[in-house]
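Trainee: Residue strings, one per chain:
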Amino acid sequence: MMKQSLIYVGLILVLMILPIFFGEYYVNLGSQIMIAAIFAASLNLLVGYGGLTSLGHATYLGLSAYASAWLFSRYGMSHAYTAPIALIFTTFVGAIFGWISLRASGLSFLMLTLALSQIIWGIGYRWVDLTNGDNGISGLTRPTPFGINLENSNNFYWFCLLITILCLFFIARVVNSPFGASLKGTRDQDKRMSALGYNVWKIRWITFVLASFFGAVSGLLYIYLNKYIHPSVISITSSAEALLCVIAGGAGTLAGPILGSILIVLLKNYVSGFVERWNMLLGIIFLFIVIFMPAGMGPGFSQIKKRWFGGKP
Amino acid sequence: MSLALHVKDLKKSFGGIAVTQNVSLEVAPGERRLIIGPNGAGKTTLFAQITGDLKPDSGSVSIFGKEVIQLPVHARAHMGMSRTYQIITLFKKDTLAHNVVLSLLGIHQRKRNLFNPLLSNDVLYDQAIEFLDSVGLKNQAFRNVSEISYGEQRRVEIALALAQNPKLLLLDEPLAGLSQDERVMVSDLINNISREVAIVMIEHDMEMALAFAEKILVLQYGKVIVDGDRDSVVNDPKTQEVYLGH
Numbered sequence: 024m025m026k027q028s029l030i031y032v033g034l035i036l037v038l039m040i041l042p043i044f045f046g047e048y049y050v051n052l053g054s055q056i057m058i059a060a061i062f063a064a065s066l067n068l069l070v071g072y073g074g075l076t077s078l079g080h081a082t083y084l085g086l087s088a089y090a091s092a093w094l095f096s097r098y099g100m101s102h103a104y105t106a107p108i109a110l111i112f113t114t115f116v117g118a119i120f121g122w123i124s125l126r127a128s129g130l131s132f133l134m135l136t137l138a139l140s141q142i143i144w145g146i147g148y149r150w151v152d153l154t155n156g157d158n159g160i161s162g163l164t165r166p167t168p169f170g171i172n173l174e175n176s177n178n179f180y181w182f183c184l185l186i187t188i189l190c191l192f193f194i195a196r197v198v199n200s201p202f203g204a205s206l207k208g209t210r211d212q213d214k215r216m217s218a219l220g221y222n223v224w225k226i227r228w229i230t231f232v233l234a235s236f237f238g239a240v241s242g243l244l245y246i247y248l249n250k251y252i253h254p255s256v257i258s259i260t261s262s263a264e265a266l267l268c269v270i271a272g273g274a275g276t277l278a279g280p281i282l283g284s285i286l287i288v289l290l291k292n293y294v295s296g297f298v299e300r301w302n303m304l305l306g307i308i309f310l311f312i313v314i315f316m317p318a319g320m321g322p323g324f325s326q327i328k329k330r331w332f333g334g335k336p
Numbered sequence: 161m162s163l164a165l166h167v168k169d170l171k172k173s174f175g176g177i178a179v180t181q182n183v184s185l186e187v188a189p190g191e192r193r194l195i196i197g198p199n200g201a202g203k204t205t206l207f208a209q210i211t212g213d214l215k216p217d218s219g220s221v222s223i224f225g226k227e228v229i230q231l232p233v234h235a236r237a238h239m240g241m242s243r244t245y246q247i248i249t250l251f252k253k254d255t256l257a258h259n260v261v262l263s264l265l266g267i268h269q270r271k272r273n274l275f276n277p278l279l280s281n282d283v284l285y286d287q288a289i290e291f292l293d294s295v296g297l298k299n300q301a302f303r304n305v306s307e308i309s310y311g312e313q314r315r316v317e318i319a320l321a322l323a324q325n326p327k328l329l330l331l332d333e334p335l336a337g338l339s340q341d342e343r344v345m346v347s348d349l350i351n352n353i354s355r356e357v358a359i360v361m362i363e364h365d366m367e368m369a370l371a372f373a374e375k376i377l378v379l380q381y382g383k384v385i386v387d388g389d390r391d392s393v394v395n396d397p398k399t400q401e402v403y404l405g406h
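These protein sequences, in sequence, are chains A and B.
Going by the numbering used here, the first sequence opens with residue 24, and the numbers climb by one from there.
Going by the numbering used here, the second sequence opens with residue 161, and the numbers climb by one from there.
Hints may contain errors.
[Unchecked claim] Straight-line distance between alpha carbons at most 27 angstroms, and here's what the computed DSS-like set of lysine-lysine pairs gives:
#1 B:K168 <-> A:K214
#2 B:K375 <-> B:K171
#3 A:K214 <-> B:K398
#4 B:K215 <-> A:K214
These are calculated hints, taken from the structure and not from any lab test.
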């Protein structure tokens with residue numbers, strides 16, 4: 024326990040001093056990874072811990088990013104207002120979409136999440152008066168909390184780091200709480216959980232709402248980083264990418280979505296600069312993971328560690 | 161005092177097949193009740209309608225005097241009813257102790273706690289280990305369900321049901337698939353359950369089941385054939401015909 028806390032503190036310290044040694048490009052890459060990690064971790068609540076595979080999670084990142092951008096560009100609202108409004112609005116939509124999607128489970132649940140997210144995507148693309156359509160919304164700014172200028176990429180990195188730590192901490196607490204235990208129970212034996220007195224539907228719905236809230240947080244960071252939003256952010260590709268992060272990293276583990284995000288953001292941004300067909304490379308890596316580490320990179324690496332160095336995984 | 165379980169005129173059909181036809185059943189508090197009948201007689205279907213997994217077409221089910229037909233499965237569990245499954249339904253990847261903890265949590269306020277970690281030194285785990293002790297599995301408490309034998313898994317099923325401190329216990333073939341030694345062990349376990357608990361059991365092992373039962377309900381093709389005290393049911397020619405005669 025003690026040792027584990029020390030490792031976490033050490034890791035956070037290392038992450039804190041990293042921007043000092045790297046250029047702006049890499050610092051922004053770091054911010055992107057953290058945003059993707061929060062996003063994937065929020066999806067992991069549903070996919071990994073709840074056994075509810077959603078193919079529409081980009082909706083929540085996108086809605087909160089759009090809400091923040093729209094309120095600013097249309098009404099010139101300050102970030103102090105746009106951020107909470109975007110979070111509340113997105114979580115509220117999550118509550119309704121969750122209520123609809125959870126009428127079903129399994130493949131039908133997946134199709135419902137997909138269908139709902141396609142509606143939002145359609146609005147993003149076609150309702151030009153509202154969303155500016157294919158042109159997206161640009162000309163945005165980053166907030167200045169407590170007078171700290173986040174336009175500076177190092178400051179923004181540290182801001183992201185703080186939010187990421189907070190989000191992952193909360194998600195870890197939820198996962199390890201009695202509620203988290205019941206959530207995993209509903210994933211493994213939903214009938215039995217009902218017979219034991221758990222309201223399975225409610226457990227899943229609360230998880231859906233939590234997942235949309237944390238998705239909304241990553242959406243805010245996304246819009247602050249890019250200062251621009253395009254409807255492709257809420258497309259199925261974007262949802263699938265998050266799902267890929269979760270599965271490649273290790274669904275149902277805390278480290279999984281982080282590892283998956285590192286892999287995919289690096290491939291997408293960094294490797295694509297050198298290898299033109301980076302999607303093919305991603306495919307090959309994914310194939311490799313599925314064959315050699317079927318549970319994902321997190322569990323896969325600890326198994327390799329166990330095999331090579333012995334000791335507990 | 162109201163009946164532990166009162167089933168009245170229960171009807172259920174799947175398409176044209178009537179699986180439950182006007183079944184009525186009364187179980188007093190603390191009673192030992194056996195349900196027998198050939199395969200496909202509708203015994204498990206009857207259980208499913210009592211627990212709420214299956215909605216009957218008509219009829220009523222009350223538990224301790226309260227009508228539950230409109231209540232969902234999870235709400236019925238809070239009224240003092242527990243069950244075991246014919247096909248083992250446990251959390252295979254988790255430890256025995258965690259399985260029982262989930263059962264304890266199911267009727268505990270703490271399941272609503274989203275923030276405080278549930279650690280393995282929690283008081284719930286201590287309680288879980290006590291229940292595992294009562295089914296003779298204390299030493300295995302921190303092994304995974306997938307690592308223990310089938311017979312032991314059957315005992316975990318019972319531990320899960322007992323952990324909720326039920327007043328009405330539904331056992332669906334608790335001896336299915338067990339060896340002779342295991343049968344004796346699980347029978348002893350069931351016979352030692354407090355007399356305050358009403359038990360309704362489906363079982364094919366006649367030797368054990370008849371020793372256990374005070375009253376017996378015989379089902380065939382979804383209909384009640386005989387219902388009454390053990391001896392009168394056993395001696396009834398209709399029972400002999402549909403079941404014991406084979």
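Trainee: Hint compliance check: list the failing hint numbers for this structure, sorted ascending.
Mentor: Per hint list: single violation, 3.
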